[in-house]
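Novice: Next come the chains, spelled out residue by residue.
There are 2 protein chains.
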Amino acid sequence: MTKRTEGRRRVVIEAVKPQIDGGLFPIKRIVDDKVMVEADVFADGHDSLFCMLKYRKEEDGEWIETPMQLVVNDRWRGEFTVHELGRYLYTVEAWVDRFKSWRGDFVKRVEAGQEVSVELKAGAELIKEASNRAQGGDARRLQEWAGALRKEGKNGSRSSSLVLDDEMARLIEKYPDRRFSTVYAKELIVVVDRKQARFSTWYEMFPRSCAVEPGKHATFRDCERRLDYIASMGFDVLYLPPVHPIGRSHRKGKNNVVGCGRDDPGSPWAIGSEQGGHKSIHPQLGTLDDFKRLIAKAAQYGIETALDIAFQCSPDHPYVKDHPGWFRWRPDGTIQYAENPPKKYQDIYPINFEIEDWPDLWQELKSVILFWIEQGIRMFRVDNPHTKPFVFWEKVIREVKKEYPDVIFLSEAFTRPKVMYRLAKLGFTQSYTYFTWRNTKAELTDYFTELTQTEVRDHFRPHLWPNTPDILAEYLQTGGRPAFMTRLVLAATLGANYGIYGPAYELCENRPIEAGSEEYLNSEKYEIKHWDLNSPHSLKEFIGRVNRIRKENSALHSDWSLRFHPVDNDQIICYSKRVEDPVNGILIVVNLDPHHVQAGWTDLSMDALGLGTHQPYQVRDLLTGAQYQWQGARNYVRLDPQAVPAHIFSVGYR
Amino acid sequence: MTKRTEGRRRVVIEAVKPQIDGGLFPIKRIVDDKVMVEADVFADGHDSLFCMLKYRKEEDGEWIETPMQLVVNDRWRGEFTVHELGRYLYTVEAWVDRFKSWRGDFVKRVEAGQEVSVELKAGAELIKEASNRAQGGDARRLQEWAGALRKEGKNGSRSSSLVLDDEMARLIEKYPDRRFSTVYAKELIVVVDRKQARFSTWYEMFPRSCAVEPGKHATFRDCERRLDYIASMGFDVLYLPPVHPIGRSHRKGKNNVVGCGRDDPGSPWAIGSEQGGHKSIHPQLGTLDDFKRLIAKAAQYGIETALDIAFQCSPDHPYVKDHPGWFRWRPDGTIQYAENPPKKYQDIYPINFEIEDWPDLWQELKSVILFWIEQGIRMFRVDNPHTKPFVFWEKVIREVKKEYPDVIFLSEAFTRPKVMYRLAKLGFTQSYTYFTWRNTKAELTDYFTELTQTEVRDHFRPHLWPNTPDILAEYLQTGGRPAFMTRLVLAATLGANYGIYGPAYELCENRPIEAGSEEYLNSEKYEIKHWDLNSPHSLKEFIGRVNRIRKENSALHSDWSLRFHPVDNDQIICYSKRVEDPVNGILIVVNLDPHHVQAGWTDLSMDALGLGTHQPYQVRDLLTGAQYQWQGARNYVRLDPQAVPAHIFSVGYR
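One line per chain: the protein sequences are A and B, in this order.
Residues in the first sequence are numbered from 8 upward in steps of one, following the numbering used here.
Residues in the second sequence are numbered from 8 upward in steps of one, following the numbering used here.
Derived from the structure by calculation, the hints contain no laboratory data.
The structure displayed is predicted, hence computed values, not measured ones.
Honestly, I wouldn't trust all of these hints.
You can't tell identical chains apart in this list, so a pair holds if it fits in one copy or across any two.
Below 20 Å or equal to it, Euclidean Cα-Cα: the simulated PhoX-like pairs (lysine-lysine) are [as the list claims (entries may be wrong)]: (1) Lys-350 <-> Lys-107; (2) Lys-350 <-> Lys-115; (3) Lys-261 <-> Lys-536; (4) Lys-107 <-> Lys-402; (5) Lys-115 <-> Lys-351; (6) Lys-373 <-> Lys-135; (7) Lys-286 <-> Lys-328; (8) Lys-351 <-> Lys-128; (9) Lys-24 <-> Lys-64; (10) Lys-223 <-> Lys-261.
Using the sequences provided together with the hints, build the complete structure.
Specialist: Here is the structure:
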């Protein structure tokens, strides 16, 4: 295009959505998703426009085009499907459709009984021009059409059947004059992930606590024997805290005390010893081959293994000797250990990213991720990503996913909202959320409306954890077993991605190290635990049932359809998810009060449920099997936390 | 900056506001406005940041800097004042403030009773580094400070008074390490206009109808005699429809009939004859000197003259002969006249912008604007800008305002909302609105909330017209004199910019050409009118009173403070405007029913009025002089359309 065309571009394209921060970051989708794109498209005057959505795989040269339709008020809409993993680009192009403008005016003239012979000639000229852009049979047919119109354009013509020939209109649409078309200034990006990016069920477990014999340090072989148990609860991801050699220097003892006994195993997050660093296996767990055997066995159970990426070092990590420049040195000649003043973590050295030779550092850290990918890992839970530079993650994730687009990065950033969102924008596939501390109906409604009904959802995929090894939420400390059931149902149904830290969770472990603290008493981070998996109080069967419901109901495989429904009792929360094709609707009712029976009347949005206003319908509780015949929005619910504190209703559709 | 620094930029800057379409278009302010800028600014980790707002006149090289303050949740805010006409740029720069981070941590350590000798040495190093960036006395003082800290850093130190020295902290703040600072990627633009861009009171009048003798074509000299009348009503802008020679070919007769009599004067918008085009004066009005005399006289009355820019031609316009390529030719060898099928406007040729030599055409059209600027005109009402390419206006307005930043362009685009907004974004100073057709409380509330309380307000300055020569709104046709009073009060108080087409308005001319039409019967567009300015029914005194109230109350000089207050009667609308410094609060109550007395109870937002919840206060009706003692939100109002259908209350503040 020469500059001479600039003055003739009459169409403007604005407000293209979805779009994150002016196109600076990609939106996220999974394979086979439809990407719906909207734009404000208009020109001066009253001409008809043609508006085209264009998309392509980033590495392909050729755009694929699909027409957009006018919705209302200059808003146009189109969509395309992303069939492959990786990055797609999309943009919008539009132009004045002179033939359609002419045809529209022509119809109005004829309806007004005006003389149209000159107009017929003008139309013939437009068709002739289109024929020049066409080839072969199409060119010939357009020429013939133009000729016929010209013939009709005798003086005094007041109509023409030829103008309204739809087949010809479709033909001419194939050969538009795009010399002065406007292409939207930005090429927007979609990152396409695999299905597990949107729907996954995680189980976090310390491998060293899997031994049959109490007090013994377990091996990966022991973990293999735990797989059947994990699979029986319906989890499809096994997430392991760091499996690397653990430092000796300043190793923490039980309950995080400074100084430790000879047998204290240390925190797995104090990574590195003379036995190796981030690319090594802690010898007490086994060998790299054992590790690979475990992930292969897990795969046989339909369980994928996720690894922890914690970029920090124990004082004994080989990096400390080999790359002293990667750490922060204090004026007294020691290396700065991790701190959050006044708290001190002497067993951990943070990596200093503010260094001259950051490119070497980044290269090495990236190689850690690539190393584990080469061992078969495709899911990483990234520890505290918000304490490393944003640009680092942006570049590393981009480069890794360029080669391995199936890799999933879960951001464990419990920090300020804008920081969490930024990490999602720059590339993390899934993200930890504030769910862990959102307990009341108002808190849950507000937060999950923000996550699922605003533009946040285009980049931020929530991953819900009712507990973690670091966080025994207060609600769990005080609510007993019903609290654990409630929080599990909430996590499993509010979030298509959720996980628990077990067996602490299913065994309802709820003792904090001290009142007011969220730290577990005798935290598994600092000692080997022996869990009684066969305790009669275990929630394993309940969890298995909930996860089976998740698996069997596609409405629970995504979050965007989430809708909250009013209930006239603040202790009862009610929400639904629903998908089409095939239709599946799930209505969840949860008693948030773990101590008392609560009852109330719903005020369901029948529209969100896909039901007519007064239609009778059946709801079946997938947890208990109970069935109810309901009608309309108003229905009675009553939940006893000592029995089951929640309904997960399947909504019956004819 | 070398690429080596990229990996060390830890701060990110997002969501800088105000910002229009990702910085594609400028925001608008007037001289001496404060521009408040906000941004999300954060880094990885927990370091303290320093955040700087930067601005400059576009043509100046040097940025001026002013620190921003943290508001909440990583949101920072700063402001600067625009003192001059023209374009300013603004952006944000931020960096990690290592000294402040260190000092904050130091305080926590001391509070926890920790040993801090090494920390004191680390702080001394930071201060030493800052001293290297300083000169002269500052450098020396920083060095001394560093030395003192180093001395205090003896083994076993547990505190230091020197660290908390605020004067030293301010000193070190002058010498930050900005090597790895982040500068926001965009330089955003403010266009600064003169005060009249935000607050102006327009009177549209056909100069040819100002003759003393009925039926006679008036001259500019006659118009001079009309100035006293216009000034007495308090208008400060006199807007004249086109004053150029009017074409003869296909001239329209009375009431827009095809074919006209010998004496029919034709539409002033059918511009151009053998006597000249857009740079000429219609001979019957006088000479260019007469025109300049009129605008000089008007200026003596405090009235500025606004001219109409209507880029279209009568068939007799010199352009038709000199530049036949600037028009659209039909297959029968005639030029395409204006049409909106099936409607035809044979007396007007639109200009064809879709031509090869558009640069010449644009140059000539721009020269029309410059011509009138050279004659002393600084306000242009642009006719139908939405039928000319957006890029044309963008370039022309930009170029004109570069040379003449005091020029005001009013966009007369009654079309779809996104088109109207685009014209405002690309450079129009003020814009016609849908006010003309917004009559009910809900319509007015919704529309003016959108215009004044959303981001629209940063680029779109509403200009309200209750009537125009083209539009006799239905409400005015049916509501009698009270309707004219109501709509005038609404326009004058909802919009800091408003105008009327007179004398039709003040004389309550309300006869349409036919039922269901908004066209005036015997429209002044096609004939010379003789108005009885002394009619006892004239609203001239009422209008004068309203405009005096506008002038005297600064709350009515801008729109952003507009707030609507509930009233328990849908026929009564209530709203307020309020400014500080000095404080001025105006509360408007209007009866929208021109036929009946309406009464109701207000539910005022005391906060918006700047009053305490239960505070008694006085309201004085500036229209009638009546005073009321009110208290709290709930007050009784009653309005008789046959008397005065509105209150314009001055709210009393102690």
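Novice: At most 20 Å between alpha carbons: which applies to Lys-107 and Lys-402, within, between, both or neither?
Specialist: neither (47 Å within a copy, 29 Å between copies)
Novice: Given identical chains, is Lys-261 near Lys-536, meaning Cα to Cα at most 20 Å, within a copy, between copies, both, or neither?
Specialist: within (11 Å within a copy, 98 Å between copies)
Novice: Measure nothing new, just compare the shortest in-copy and cross-copy C-alpha distances for Lys-115 and Lys-351 to 20 Å and report within, between, both or neither.
Specialist: between (80 Å within a copy, 12 Å between copies)
Novice: Cα distance capped at 20 Å. Does Lys-223 pair with Lys-261 within a copy, between copies, both, or neither?
Specialist: within (15 Å within a copy, 105 Å between copies)
Novice: Check Lys-350 against Lys-107 for me: Cα-Cα at most 20 Å, and say if that holds within a copy, between copies, both or neither.
Specialist: between (71 Å within a copy, 19 Å between copies)
Novice: When no copy is named, should Lys-351 and Lys-128 be tagged within, between, both, or neither for a Cα gap of at most 20 Å?
Specialist: Intra 86 Å, inter 19 Å, cutoff 20 Å: inter-copy only.
Novice: Taking 20 Å as the upper bound on the Cα-Cα distance, should Lys-286 and Lys-328 be classified as within, between, both, or neither?
Specialist: Within one copy only: 16 Å inside, 83 Å across.
Novice: Between Lys-350 and Lys-115, at a C-alpha cutoff of 20 Å, which is it: within one copy, between copies, both, or neither?
Specialist: between (79 Å within a copy, 10 Å between copies)
Novice: With identical chains treated as interchangeable, where does the CA-CA distance between Lys-24 and Lys-64 reach 20 Å or less: within a copy, between copies, both, or neither?
Specialist: For Lys-24 and Lys-64, the Cα distance is within 20 Å only inside one copy (19 Å; across copies 33 Å).
Novice: Between copies, within a copy, both or neither: which fits Lys-373 and Lys-135 at Cα up to 20 Å?
Specialist: neither (59 Å within a copy, 36 Å between copies)
Against the hints set out earlier in the document, violations occur for numbers 4, 6.
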